[in-house]
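There are 2 protein chains.
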Amino acid sequence: MYISKSFIPILKNIPSEAKIKSHQLMLRVGMIKQSSAGIYSWLPLGLKVMKKIEQIVREEQNKIGAQEILMPTIQSSDIWKESGRYEDYGEEMLRIKDRQNREMLYGPTNEELVTDIFRASVKSYKSLPQLLYHIQWKFRDEIRPRFGIMRCREFYMKDAYSFDINDEEALFSYNKFFLSYLKTFKRLDLKAIPMAADTGPIGGNLSHEFIILAETGESKIFTDKRIFEVDSSGSKLEKKSLEDLRSKFEKFYSVTDEKFDKAEFETKVIEKNRLITKGIEVGHIFYFGDKYSKPMDGSVDLPGGKKDFVKMGSYGIGVSRLVGAIIEAKYDAKKEVMKWPISVAPYDISIIPMINKNDKSSLEKANKINLELEKNNIETLIDDTEENFSSKIKKMNLIGIPHQIIIGKQTENDSIEFKEAGEMSQKLKLSEIIKIIKKQKEEN
Amino acid sequence: MYISKSFIPILKNIPSEAKIKSHQLMLRVGMIKQSSAGIYSWLPLGLKVMKKIEQIVREEQNKIGAQEILMPTIQSSDIWKESGRYEDYGEEMLRIKDRQNREMLYGPTNEELVTDIFRASVKSYKSLPQLLYHIQWKFRDEIRPRFGIMRCREFYMKDAYSFDINDEEALFSYNKFFLSYLKTFKRLDLKAIPMAADTGPIGGNLSHEFIILAETGESKIFTDKRIFEVDSSGSKLEKKSLEDLRSKFEKFYSVTDEKFDKAEFETKVIEKNRLITKGIEVGHIFYFGDKYSKPMDGSVDLPGGKKDFVKMGSYGIGVSRLVGAIIEAKYDAKKEVMKWPISVAPYDISIIPMINKNDKSSLEKANKINLELEKNNIETLIDDTEENFSSKIKKMNLIGIPHQIIIGKQTENDSIEFKEAGEMSQKLKLSEIIKIIKKQKEEN
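Sequence lines, in order, name chains E and D.
If you read the first sequence in the working numbering, its first letter stands for residue 1, the second for the next number, and so on.
If you read the second sequence in the working numbering, its first letter stands for residue 1, the second for the next number, and so on.
One chain only, chain E, in its complex shape (with noise of 0.2 Å):
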C-alpha cells in the first residue's frame, strides 16, 4: 500500500484536548476522529489493529467453547425491569423513547439479554454448560468522557457469559475465562495481572480485574510485586489445572482501590514486594450465580425431575480501549517511537524510499521489494511521498509498524538497511528479512 493512497491523516501538532500519549497519538496518525463528545469514528489505520485484536480475543474465546452470536445495540426496557436494574442503573444508561413511545435503551451490557435468550431455548440441564459470547458496541453516558477512546460513551467491547447447572461446574467456567483471558493479553504482548475486584453494577461477589501497568491508567493498584511472575503457561482446560492456576496468583495479595485494606496489605506483604501503582482495566470477569437467572426465571430440569436457577458469570474485554492500551504500554513519547506487536500492527513493515522528483529509482526497488513481501504474505505500507527524509522517519516511527526498511540510492537486494522501529539498523539481504518477519508472526 502506498501512503499516497491510504486515508491516514497526520496532524502535524499534538492536539491540546489530548492528554494522555494514547489519545495524542491516536489523532496525530490518524487512527480515530472525534466525532462528537467521547464518540469516535475509527480511520484505516486504527481499524486495522482493532480488527486484529477483536480476531485474537475471538480465537481465544472460541478455545475454551465459547460461541459467538450478536445481540443488537438497542433493547427493550422490559428485561431490564424483569432484573431490576432498569431503575439501578442512573444515567450512563442511554434512555431512549422510539415512535411508539417504547422505552428502548442502548445496551451497556448484556446480562438481561442474553438470558432471554436461554430461557427462550435451554430447558435441560443436558444442555450445559453454555458459553455465549460477542462483540458488540456499547453506550455508557459518561458524564465526562476523557482520554480518546479510553474512557468514551460509544465502545466496543466482547461480553461473554456462562451457564452451569451448579456453583462447581460455574467456577469451572469461570476459571477457563480466566485462563483464556491471560492468554489473550500475552498474544497482545500485554502483561495483564488478574486483581481481586469490586463488582459494582453487575453483582456478585466473586470478580477479578485484568490490568496492565500504566502510569496513566485510572486504576490504582496495590499488589505484591511477585505476582508479576506467576508463570501460566503450563495450565490446562481442566478443573484441577485451572484452579491451581487461580491459587498461584491468589497467593499474592494484589486489588483495585475498592477491595483495598490497609492492615491487610501490610500483613500479607513484606515491605520490599509492596507495589502501589496505576493501571489500565483490560478485561473484568464476575460469577453471580442466580442474580438474573431467579428474576427472570432461567431455570433448567435437574437430573431428579426438579427445576433449578442457573448459575452465571460474565466476562468483558475492552476491544476499542485495548488499542489505547496497548499505545499507552508500547509508546515511548519521548523519543516519539511506537512499536506495535506483531500480533496487531497495521502493517507488518515499511518501506522508506529516499526520493526527489528527479530520481524515482529508490520508489522503484521498493516495489520489487514489494513484490517479493507480498508474496510471503507479509503487509507493507510504502512512504511514496517526496518528503524530506527525516520527517519521513518521524512519520512512520509514530505509525508504528514494528519493522522498517530504508532504501537509498546504494540499496541492492543482497543488503537492505532494516530496522526495528526505534532501534539501530542493520544491513540484511532480503530473504533474511522475510524469515525474520515469517518467525515472528508464526509466534503470534
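Treat the hints loosely; a few may be bogus.
Calculated from the model, a selection of chain E residues having no Cβ within reach of chain D, i.e. all distances over 12 Å [claimed, not checked]:
| hint | residue |
| --- | --- |
| 1 | S16 |
| 2 | K33 |
| 3 | S35 |
| 4 | K48 |
| 5 | R95 |
| 6 | E250 |
| 7 | T267 |
| 8 | L275 |
| 9 | Q426 |
Derived DSS-like pairs (lysine-lysine); straight-line CA-CA distance at most 25 Å [to be verified]:
| hint | chain 1 | residue 1 | chain 2 | residue 2 |
| --- | --- | --- | --- | --- |
| 10 | D | K5 | E | K306 |
| 11 | D | K183 | E | K126 |
| 12 | E | K52 | E | K395 |
| 13 | D | K52 | E | K48 |
| 14 | E | K307 | D | K51 |
| 15 | D | K294 | E | K126 |
| 16 | E | K19 | E | K330 |
| 17 | D | K294 | D | K368 |
| 18 | E | K236 | E | K220 |
| 19 | E | K33 | D | K294 |
| 20 | E | K5 | E | K19 |
| 21 | D | K240 | E | K81 |
| 22 | D | K183 | D | K365 |
| 23 | E | K48 | E | K262 |
| 24 | E | K262 | E | K51 |
| 25 | E | K126 | E | K240 |
| 26 | D | K138 | E | K52 |
| 27 | D | K438 | E | K240 |
| 28 | E | K48 | E | K183 |
| 29 | D | K183 | E | K138 |
| 30 | D | K394 | E | K126 |
| 31 | D | K419 | E | K33 |
| 32 | E | K12 | D | K365 |
| 33 | E | K48 | D | K48 |
| 34 | E | K334 | E | K251 |
| 35 | E | K19 | E | K339 |
| 36 | D | K52 | E | K51 |
| 37 | E | K375 | D | K33 |
| 38 | E | K138 | D | K138 |
| 39 | E | K52 | D | K48 |
| 40 | E | K441 | D | K375 |
If you're looking for bench data, these hints aren't it; they were derived computationally from the structure.
Built from N, CA and C at the ideal position, the CB exists for glycine as well.
Given the structure of chain E, go ahead and fit chain D onto it with the hints provided.
Quick look at chain D alone, frame taken from chain E:
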C-alpha cells in the same frame, strides 16, 4: 462440531408471526431470536452465515480500492442540521437525548458523518479519488417492522462513499461500485439485476437498485427479461470497460415501480420480453454530486488554486438482509430443503450417523471421517443425538448445510453415502468427497 454442543435451538413448528419463508426458516432453525419489535439477536448459525457474507462484501470493496473505516452508531444532530436533513428525515430516524440533553440520533445512513471526516482530512485534489466504506449497524424506526430481518429496525449494512474532483471521475467511481456489486452478489450465488431507481431521502439524480427476483419481495419491478442474460464477466476496472458494462445493462428497460412509466415500458419492450414481477432490494447506489459537500463545505484545492466542492456518491449493501434474501432464493419450502451456497454456508458438510443407545459405532466412524475433513479445512456439523434417523435428516435439510454424509452400520471408508442437500445420494470414497468440496470452495 457436535450438534449437542452447539447452540442451535430448533423449533418444532413454524412460528405463526412469520409470514415469509426466510423469517420462518430463520426462527425455526435458531438463526435469530427476536428481542423486541424489529430487533433481533443473531445466534451462532445465523451469525456464521452473516459473517461470511460480510467478509465477501469486504473483499470486493477492497478490490476496487475502497478503504475500510468504522463510524459510530450514535451521531450528533449538528451535522444533520448542517446538511438540512435533520428535519426532513422524519420519524424513521431514532432521535435520542443524552444526559446533557444534547440532540443525538442513531445513524440511519452516514453521508453527513463521512463528509465531516473527509473535510477534516482531505484538502487537495491530489488526494482524490477517495473511496471509504464501513460495515456497521444502522437503525430505522419502521412503523411496522415485518418479515424478520428483511424489514427490521436494527440492521447491518455496508455503506460506502466516494469523493471525486468532477462529474467524470465521480461516475468512474460510481461504475466501480456498479461492477463490484455484480461480483459480490455473484459470489453469493445470487442473480442481482441493476435497475434504475428513485433516490428518496439520499438525493441525487442517478441511482440503481440491485434486485433479486423473489415472490415475497417488496419491490415491484418492470423489466425486459433479456437483462438477465447480460454478461459482466469480462469487465475491467477501467473507465471505458465500465461504461460499456453500464450500457449493456441500460440497453434494456428495467425499473422499480417509483420509476415506472407505462407508455415507456410498452414502447421500449416488446410484449414477449416484458416481465412484471417482484424482487428484493439487496443493494442501492446513488450519485448526488455536491448535495452534501456544498452545505457542509467539503471542498478541495484545485490545480489552478481555486477550490471546489467534491462530487460524492454513496453505495449500500444490506448485509443482514442478504441472509434472508439468500433463503428466499434458495429455500424450497414445499420440500423443506434449504441449501446454502458453499461461499456462505454455516458448515461445509453435515455428518448424520444412525445412533442408538446400544450402538455408537456409527458415531465413531463419524468422528474418524471428521478428523480427515478437518485436516482439509472442511467445517463439519455432526448430529450426535439419538433422535430417529428421519427427523435428523429433516433437521439437517432445514439447517441447509450444502453436503451431507450419512453413516449406517455398513459404512466403510471406501464407500460413503454422500449427497447434496435434497438430492439423491451416491456412494463415494472419502477422498473423492473431500475433492468435490475443496473444488467448490476454491471456486467461490
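Structure-based check of each hint:
The beta carbon of S16 of chain E sits about 16 Å from the closest Cβ of chain D, which is more than 12 Å, so the claim that it is off the interface holds. At roughly 6 Å, the least C-beta separation between K33 of chain E and chain D is not larger than 12 Å, which violates its mark as non-interface. Annotated as non-interface, S35 of chain E brings its C-beta within 12 Å of a C-beta of chain D; the closest such distance is 6 Å. Its beta-carbon lying about 8 Å from the closest one in chain D, K48 of chain E breaks the requirement of being farther than 12 Å from that chain.
Not every C-beta of chain D lies more than 12 Å from that of R95 of chain E, the closest at about 9 Å, which undercuts listing it as non-interface. Chain D leaves E250 of chain E outside its interface by the beta-carbon criterion, the shortest separation being 31 Å against a cut-off of 12 Å. No beta-carbon of chain D is positioned within 12 Å of the beta-carbon of T267 of chain E; the least distance is around 43 Å. Separation of L275 of chain E from chain D is adequate, the least Cβ-Cβ distance of about 37 Å exceeding the 12 Å criterion.
With a closest Cβ-Cβ approach of about 33 Å to chain D, Q426 of chain E is found to remain outside the 12 Å limit, as its non-interface label requires. Proposed proximity of K5 of chain D and K306 of chain E is supported: the alpha carbons are some 23 Å apart, at most 25 Å. Annotation: proposed proximity of K183 of chain D to K126 of chain E is violated, straight-line Cα distance about 45 Å (limit 25 Å). Only pairs whose Cα atoms come within 25 Å are accepted, and K52 of chain E paired with K395 of chain E is accepted, the gap being roughly 22 Å.
With a CA separation close to 19 Å, the supplied pair K52 of chain D and K48 of chain E stays within the 25 Å bound. Restraint check for K307 of chain E and K51 of chain D: the C-alpha separation of about 36 Å exceeds 25 Å, so the hint is violated. Between K294 of chain D and K126 of chain E the alpha-carbon distance is near 62 Å, which puts this suggested pair outside the 25 Å criterion. Under the criterion of a C-alpha separation no larger than 25 Å, the hint pairing K19 of chain E with K330 of chain E is consistent with the structure, at around 17 Å.
Distance restraint check for K294 of chain D and K368 of chain D: the Cα-Cα separation of roughly 64 Å exceeds the 25 Å cut-off, and the hinted pair is therefore not satisfied. For a cut-off of 25 Å, the pair hint linking K236 of chain E to K220 of chain E is broken: about 31 Å separates their Cα positions. As the CA atoms of K33 of chain E and K294 of chain D are separated by approximately 21 Å, the hinted pair is consistent with the 25 Å bound. Note on K5 of chain E and K19 of chain E: the hinted pairing is violated, with a Cα-Cα distance of about 30 Å set against a maximum of 25 Å.
The suggested pairing of K240 of chain D with K81 of chain E is violated, with an alpha-carbon distance near 61 Å, which exceeds 25 Å. A C-alpha spacing of about 40 Å is found between K183 of chain D and K365 of chain D, which places the hinted pair above 25 Å, so the restraint is violated. Distance check on the hinted pair: K48 of chain E and K262 of chain E sit about 43 Å apart at the alpha-carbon level, beyond 25 Å; violated. Annotation: proposed proximity of K262 of chain E to K51 of chain E is violated, straight-line Cα distance about 41 Å (limit 25 Å).
Between K126 of chain E and K240 of chain E the alpha-carbon distance is near 23 Å, which keeps this suggested pair within the 25 Å criterion. Between K138 of chain D and K52 of chain E the CA atoms are separated by roughly 23 Å; this keeps the pair inside 25 Å, and the hint holds. Annotation: proposed proximity of K438 of chain D to K240 of chain E is violated, straight-line Cα distance about 41 Å (limit 25 Å). Distance restraint check for K48 of chain E and K183 of chain E: the Cα-Cα separation of roughly 21 Å lies within the 25 Å cut-off, and the hinted pair is therefore satisfied.
Proximity of K183 of chain D to K138 of chain E is assessed by CA-CA distance (about 34 Å); at most 25 Å being required, the pair is judged violated. With a C-alpha separation of about 23 Å, the suggested pair K394 of chain D and K126 of chain E falls inside the 25 Å cut-off, and the hint holds. The straight-line distance between the Cα atoms of K419 of chain D and K33 of chain E is roughly 52 Å, outside the 25 Å bound, and the hint therefore fails. For the given pair, K12 of chain E sits about 64 Å from K365 of chain D by alpha-carbon distance, which is inconsistent with the 25 Å threshold.
For the hint linking K48 of chain E to K48 of chain D, the alpha-carbon distance of about 21 Å falls within 25 Å, and the restraint holds. Between the alpha carbons of K334 of chain E and K251 of chain E the distance comes to roughly 37 Å, so the proposed pair goes past 25 Å and is violated. Of the supplied pair hints, the one linking K19 of chain E and K339 of chain E holds, its CA atoms being roughly 20 Å apart against a limit of 25 Å. Distance restraint check for K52 of chain D and K51 of chain E: the Cα-Cα separation of roughly 16 Å lies within the 25 Å cut-off, and the hinted pair is therefore satisfied.
Between K375 of chain E and K33 of chain D the CA atoms are separated by roughly 44 Å; this puts the pair beyond 25 Å, and the hint is violated. The suggested pairing of K138 of chain E with K138 of chain D holds, with an alpha-carbon distance near 14 Å, which does not exceed 25 Å. Only pairs whose Cα atoms come within 25 Å are accepted, and K52 of chain E paired with K48 of chain D is accepted, the gap being roughly 19 Å. Annotation: proposed proximity of K441 of chain E to K375 of chain D holds, straight-line Cα distance about 22 Å (limit 25 Å).
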